[in-house]
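S.K.: Protein chains in written order, with the working numbering: chain V, 25 to 136; chain P, 5 to 120.
Each hint should be verified, as a subset may be incorrect.
As the list claims (entries may be wrong) - Straight line, CA to CA, 27 Å or less: simulated DSS-like cross-link-like pairs of lysine-lysine:
1) V:Lys123 / V:Lys87
2) P:Lys45 / V:Lys41
3) P:Lys45 / V:Lys87
Said to hold, decoys possible - Ranges between beta-carbon positions, derived for each pair:
4) V:Arg75 / P:His89: 21 to 29 Å
5) V:Glu78 / P:Lys68: 33 to 41 Å
6) V:Ala34 / P:Arg116: 37 to 45 Å
7) V:Thr133 / P:Glu63: 30 to 38 Å
8) P:Arg116 / V:Lys83: 24 to 32 Å
9) V:Thr92 / P:Glu91: 37 to 45 Å
10) V:Asn51 / P:Val7: 30 to 38 Å
11) V:Val69 / P:Pro44: 13 to 21 Å
12) P:Gln33 / V:Lys135: 40 to 48 Å
Treat the hints as calculated values from the structure; they're not laboratory data.
For each residue, glycine too, the CB sits at the ideal point set by N, CA and C.
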Amino acid sequence: SQKIEQNSEALNIQEGKTATLTCNYTNYSPAYLQWYRQDPGRGPVFLLLIRENEKEKRKERLKVTFDTTLKQSLFHITASQPADSATYLCALSNTNAGKSTFGDGTTLTVKP
Amino acid sequence: GAVVSQHPSRVICKSGTSVKIECRSLDFQATTMFWYRQFPKQSLMLMATSNEGSKATYEQGVEKDKFLINHASLTLSTLTVTSAHPEDSSFYICSARDQEVLHEQFFGPGTRLTVL
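Kindly generate the complete structure, drawing on both the sequences and the hints.
M.R.: So this is what it looks like as structure tokens:
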């Protein structure tokens, strides 16, 4: 069955450092991979989408890579800030309009 | 940006009653809406996919007679939890796809349901 694993349940880093979160998947060939941010008690917020034929996508301090051979996506936040503290979810989908499958998320804490 | 609202944000009800949750896309038309539930420290679990004007598609293990979904217009979908029990207590979140920007899901703020 399809499985999505996000590297760790929690990640703690110091302000200013780069946070790297990992999303691995098995038994799946996604056409799209998305990253979302979720704050406690709130719905997820879309951050970035990367397609299977794209290696890397950037948006401000965020960078996402997608390696379909390794079946892995890396999500980087550079120059991290305490305000970046949240749970980050990766999601996979096969089509534009189809449903997405979500990972369990990694909770990032950036300490000042 | 696209905004999705949910109402109510919190609801407490007695066991056996029914609860309706509304999901609205405020500034775009959503042909497809999704309903999720989320338990503490767990990921989103897709319950059903709701398409405007047609019957919802439920995920395996989700009782369609218990979780009634109606998507009557391009901006409104409702989830009704019928005969709620304490085990139905959870965080329910809807999302909508803008038919112009299909690859993004815009999520509502969620509804915290507590069944006593």
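S.K.: Of the hints given before, which are not true for this structure?
M.R.: The structure conflicts with hints 4 and 6, although it agrees with all the remaining ones.
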